[in-house]
Amino acid sequence: MTVRVRIAPSPTGHLHVGTARAALFNWLYARHNDGVFIVRIDDTDRERSTAEFEADILESLRWLGLDWDEGVEVGGPHGTYRQSGRYDRYREVAGQLVAGGAAYYDDRSPEELGELRAQAQGEGRHPGHYIRRPETDAEVGAIRLSIPQDSPVTFDDLVRGTVVFEPRDLDDFVILRSDGTPTYHLASTVDDVDYEITHVARGEDLLPSTPKHILLARAMGATEVSYAHLPLLFGTDGRKLSKRFAAASLSVYRDEGYLSDAVFNYLSLLGWSLDAETTIFSRAEAIAAFDLRDVSSNPAIFDPEKLAWMNGEYIRALSPERFVEMVTPYVEAAVGRVLGPEEWQRFGSVAHLVQERTRLLPEAGEQVVFLFEDFDQYDESSWEKVMAREGVAGIITEARLRLEAVDNWKAEMIEPVLRGMLEEMGIGTGKGLQPLRVAVTGFSVSPPLFESMAALGKAKTLERLERALRRLAPS
RNA sequence: GGUCCCGUCGUCCAGAGGCCCAGGACGCCGGCCUUUCAAGCCGGAAACGCCGGUUCGAAUCCGGUCGGGACUGCCA
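Just so you know, our numbering puts 204 at position 178 of the first sequence, and the rest follows in order with no gaps.
It should be emphasised that the hints constitute simulated quantities derived from the structure, not laboratory data.
One or more hints might be untrue.
Listed next, the in silico SDA-like pairs over lysine to any residue satisfying Cα-Cα at most 20 Å (straight line) [stated by the list, open to error]:
no., residue 1, residue 2
1, K332, D263
2, K332, F307
3, K457, R415
4, K436, S375
5, K332, R383
6, K332, I306
7, K436, L448
8, K484, P367
9, K457, L429
10, K332, E441
11, K332, G283
12, K411, K457
13, K484, K411
14, K484, R415
15, K486, L429
16, K484, L427
17, K332, F260
18, K436, A485
19, K436, F476
20, K457, L495
21, K484, E441
22, K436, R415
Derived Cβ-Cβ restraints for the label pairs, each shown as a range [claimed, not checked]:
no., residue 1, residue 2, range
23, R134, T28, 39 to 45 Å
24, G91, P442, 47 to 53 Å
25, S308, Y113, 41 to 47 Å
26, R342, S110, 41 to 47 Å
27, Q122, G148, 35 to 41 Å
28, E161, T76, 42 to 48 Å
29, V189, R134, 28 to 34 Å
30, A359, E192, 55 to 61 Å
We put the beta carbon where it would ideally sit given N, CA and C, even for glycine.
Use the sequences and the hints to build the structure in full.
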């Protein structure tokens, strides 16, 4: 039997990292089993759904590398894969269930229902305990599914094992509202049945809804699907990863220059592992090893620090050409303008050094601004730390003098000149080079000094040494 | 309140009765390298929530307990 899985985001916001992780696991499962991955849009909430969010969600999925075989935009044998176009079908199913006796109309008022719930709760029972089929059979109001009371609902969850729900703890839930629109339970279950979904892997928050979906599918005469309830993701504060958590949307990572491969790798590690040792692995390796049964059952905290580290690993693994290509927009953003060919050449000479010390792409830009713009001011803490020492002016003065005499302006030529100088002056390289670094780059932290000077050019380097001198000893 | 889920280093994951006085990764601490910062290398601190039971033997099985979470809508 062909494995058919789906992800069904609601276009009421950006793609949440939790949804992205669920999509990723579904995708891995489909790919591992040569199955079909489907993207369906659950847009029954007409008020809050927008085309912009839908486009953003699809773009995020593609960015993550999760291509789908059937679904919205790519099509398939089941129409639009958008719930908003299937209301007739949902109504049809609801009608059939009523006709077959599995569901019934209920026109009781919210107040009436509220009282029944309060009564049940007061007795320590399930809130919906007394919400059962009323005596009348008038065909008005909402439609509820009638929960069969004869036997417990049991299913084998791929990640949690056997889960049992007693029917007395289940209430007759609404499947079609009195305005004729379907509830989530109906729409989702009908789609899963119609699209012949074989495995439903979704967040653990839907575990309590699963018996409802099973009963609904059963009432429709459908074969049961397998379920896998994935552990929830939490923020570093230990609370649910909500929109309040700054980076809860996948688009944030895309926009801030994280690498798709790194985010994929990191997300796949939340609740799953390739083996006991491997942390960095490719999509292909993940596909080869993935199984929903291996997914951990306990919730995970999303750690931005580890993601950043992993992103750095992937950046370092990039080819030099690819690194320059990816970093281009960030460098130009940091400099504040578009760079010319000569400037890119300049950047190219230090790119490999920058690549080594970059975890997040925007950092790369910050490291090289000094190459293109005369900074307005020095980083004050760097200046204080380095320039306050005795003899600094002497070092810079001497360096300026000696560098002026260098004709072939290359790192290999600059290095012996400065090293020789420090040796003669009896100053250690650590102490001696820092003032030059601050003078030239404005910071006590920068790419290696000799290469930086070489890339900056002789004239600019000398100019900055003079400028630092002027600040040290204003005349 | 009720139902269900979860409980191994600060965090993510490995562990499916002896290989575990618990392993890998991030982070943290120390060292090496070094031109700063990174990277790299070496080393370190750091966990089986608790109590019982089963067993020759338990992180692994069972019960209880405590703690956390989800759900409890004519939201999804």
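**Asked** Which numbered hints are broken by the structure, listed smallest first?
**Response** 10, 13, 14 and 22
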